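A.B. asks: Each protein sequence line maps, in turn, to chains P and X.
According to my numbering, the residues represented by the first sequence are 21 to 605, in order.
According to my numbering, the residues represented by the second sequence are 132 to 297, in order.
The hints are simulated quantities; they were obtained by calculation from the structure and are not laboratory data.
Any given hint could be a false lead.
[Unchecked claim] Calculated from the model, a selection of chain X residues having no Cβ within reach of chain P, i.e. all distances over 10 Å:
1. 160
2. 172
3. 177
4. 179
5. 218
[Unchecked claim] In silico EDC-like links for lysine to aspartate or glutamate, alpha-carbon gap of 20 Å or less:
6. 174(X) / 285(P)
7. 177(X) / 271(P)
8. 170(X) / 203(P)
9. 170(X) / 490(P)
10. 174(X) / 490(P)
11. 177(X) / 186(P)
12. 450(P) / 490(P)
13. 288(X) / 289(P)
Because the structure is a prediction, the values reported are computed rather than measured.
Where a beta carbon is used, it is the ideal one built from N, C-alpha and C, also for glycine.
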Amino acid sequence: METNKNHSEGNLTDQDQLNSLRKLITGLGQKELERLQLLMTDPHEFSEEISELLPHAIRTLLSKGEITTDDLQPIIEETIQSSIQRNPRKLADILYPVMIPAIRKAVSEDIKKMLASVNASLESGFSIKRLKWRLQALFSKNSYAEIVLANSFVYHVSHVFLIHRDTGLLLHEERSAEAETLEANLVSAMLTAIRDFVKDSFKEKGSGTLEEIQVGSLNILIEQGPYAIVASVVEGQPPLDYRETLSETIEAVHYNHLNDLQQFEGETESFIHASRFLQNCLIQERKEKKGSVFPWPLFIIALLLLLSVIWIFYEKYNRQSEFNNFVKQLDETPGYHITQAKMRFNTYTISGLKDPEASPIDAIIDENNLQGKKIIYSLSPYASLDEGLVLNRAMRQLNPPDEVEMTYYQSGLLKLSGKATADWVYATSKQYQYILGVIKLDTSELNVSRENSFSEITTQNLSWIIPIIENYSFVFDVNVVSLDAEQQQQFDSLMSAAIFLADYNQLYNKKMAIFISTYTSRGGNTQANLDVANRRAAEFVNLFEEAGLTNELIDIQIVYAEDNEEQVPLRSVTFKVTEKTGDRI
Amino acid sequence: MIKKKITMLGAFAVGKTSLVQRFVNSIFSEKYQTTIGVKIDQKLVKIDDHLVTLMLWDLYGEDDFLKVKSSYLMGSSGYLLVADGTRAKTLEVAISLQKMAREVTQNAPFIFIINKTDLNDLWEIDTEAIDKLRKSGWEVLLTSAKENFRVEEAFDKLTKMMLQQK
Ligand SMILES: Nc1nc2c(ncn2[C@@H]2O[C@H](COP(=O)(O)OP(=O)(O)OP(=O)(O)O)[C@@H](O)[C@H]2O)c(=O)[nH]1
Ligand SMILES: [Mg+2]
């Protein structure tokens, strides 16, 4: 520069002329030219100059559309990449304040969501899982809380720290009975360090303080006061109002220890009095009291209620079916006919019919284990046609000797067989029509002990033979005259009485005879009818005679059933025992 | 029971962590593992019949990219300012850190430690510089975490100063 100056001093006029010429041509003065020269010769200056222009140039190029952001992108990416490779820490530091709050916000959103769902499941109460835990607790030595804790469902505050805010020194610590010892001093200091770190990192307004740290399955809740912070180590999810408990605690500590806190120099002894406040934060049992866990006693009561309702219904069902069985059995028992059965509470009502001959109800009650039950019967008496009952009735009314056997047919026929005395047979012949259910008596197979009766005849009456004889009747088909096998048997039975007729006459000095009446209608051929009737009568005369009855003991009467007044079946033969007049019709 | 917070301050790799480990756990490792954030240890010491729990906050070292944040220093009753005798530059870092620490801790006591005395051949700090610091009122101690040279003395001395401060 100096040489330059010297040189210009020598040719001032020439130089001036040149200068004005240069200025004329280029429009640039001496100073501008010098600057241009400097830029061209000094690369540092030049780059400096360009660097000022470049951003403007790029912006102009972008706005003109000469280049696009896409063109710039690879360059910028490359730059960032190489920057990361050279010094990753720097970029991390730059991004940290932006990223961490974002991450934290995302995490706290997740925590909130989880909290809500845990809360919901806590409030919904019953679940099979919980029941399982309860059972597990019942059958193992572990307490329910421990099992629940192990299942990380119900919370458990294991430690509460009171920490001096500035120094991070532990002022006081409380821990639950089950909690393991922690290096509380270290934990406190570390929490403070983390808090400081967070405080530095989150410069955004409002939510810049650290409230919760997750360490594995543990949650550390932090509540800050102006001089101290309280940190609570929680396993599981505490109730939502736990945060309030923490802030109340930190307030109480400040209120009671303000001087100690303000003048804190590392002396922690006085903070032992903060113990009672911190203990409030050690919740675990209190939650059970609050009932935000499953209301167990209530459940047991409900369960018992349910069981008893089931039991009552089961009992009722049982009793109902027992009763139904009883009623059914009763109805099926001969001599009972049940029309209605009701069960109300403990009183049973049974209505229907009962045959006096039926077996007593007691036996059926015993059989159904219904002893002692209050049963009201409203049973009207009736006569059952059940074979057994009719026989019972006959047994009671006829009082037959041991040798007599009785058979009852549904047609109303009571058949006697075996052996009986003549007296009894006579009495029976009088009695049988009063037995309910018995319409006819069949003695054809009964052996009447004659020998015995002969001796009795002299002393006793023979009047029984007459009703027996008169009880028989024989009905024939059209034009049939001879007896079929059954009628033959009937006739034999008739003979067992008729054979005594001679003795009867002798005993009472009478002239009784059997009048054989044969009935026929006038319809059709009268002569033919008469003919058949005659032949039937003759047949009986013949039969009687064959059986040993003498002629004077027999008489015949032919009757036409002209009008319906005669209640006699047509084509029948009946018998009457009357004094013989000697006339024959 | 008295508790005190002590912070380790200094440039990176000067031996802050090594000093704490030597003091607390009586161990030393040649391996360099840089501290990220803060590592906290505690030690119970007995000074004149006083039991004091020291909470030792071992901070990451300051380097060109990462300045030490003042918030970690808050509440410190004292601090150890550490430099590496084999790197003269760490002395400057320490001096600048002290300015910040003095403000944050409101003139809490500190000891200036020049570490790694065992590395004689590589020593870069001349006695003049040390004397100059001592003259300005600083407590300067030359230590070796590796050879356990005057490490305990440094901590004890600081603790005494802290207790007297009160
Ligand atoms: N020879 C020798 N080496 C030491 C001494 N103290 C520390 N070192 C070594 O120095 C290196 C750094 O030590 P650190 O204690 O990790 O240093 P620092 O200050 O904690 O480092 P940052 O945490 O990164 O700030 C390690 O390799 C140590 O072995 C010492 O007294 N003598
Ligand atoms: Mg370290």
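A.B. asks: Work down the list of hints and note, for each, if the structure agrees.
C.D. replies: Hint by hint, here is what the structure shows:
Non-interface call for residue 160(X) relative to chain P: holds, since the shortest CB-CB distance, roughly 21 Å, exceeds 10 Å. At roughly 8 Å from the closest C-beta of chain P, the C-beta of residue 172(X) falls inside 10 Å, breaking its exclusion from the interface. Distance check for residue 177(X) against chain P: the nearest CB is about 15 Å away, which clears 10 Å, and the non-interface claim stands. Separation of residue 179(X) from chain P is adequate, the least Cβ-Cβ distance of about 15 Å exceeding the 10 Å criterion.
Separation of residue 218(X) from chain P is adequate, the least Cβ-Cβ distance of about 20 Å exceeding the 10 Å criterion. About 17 Å separates the Cα atoms of residue 174(X) and residue 285(P), which keeps this hinted pair within 20 Å; it holds. A distance of roughly 34 Å separates the Cα atoms of residue 177(X) and residue 271(P); the hinted pair therefore is violated under the 20 Å criterion. Distance hint between residue 170(X) and residue 203(P) is fulfilled; the C-alpha atoms sit about 14 Å from each other, no more than 20 Å.
Note on residue 170(X) and residue 490(P): the hinted pairing is violated, with a Cα-Cα distance of about 135 Å set against a maximum of 20 Å. Simply put, residue 174(X) and residue 490(P) have alpha-carbon atoms about 138 Å apart, too far for the 20 Å limit, and the pair is violated. Distance check on the hinted pair: residue 177(X) and residue 186(P) sit about 24 Å apart at the alpha-carbon level, beyond 20 Å; violated. Our distance criterion of 20 Å between C-alpha atoms is met by residue 450(P) and residue 490(P), whose separation comes to about 11 Å.
Pair hint residue 288(X) plus residue 289(P) does not hold up; C-alpha atoms about 24 Å apart against a cutoff of 20 Å.
Of the numbered hints listed earlier, those contradicted by the structure are 2, 7, 9, 10, 11 and 13.
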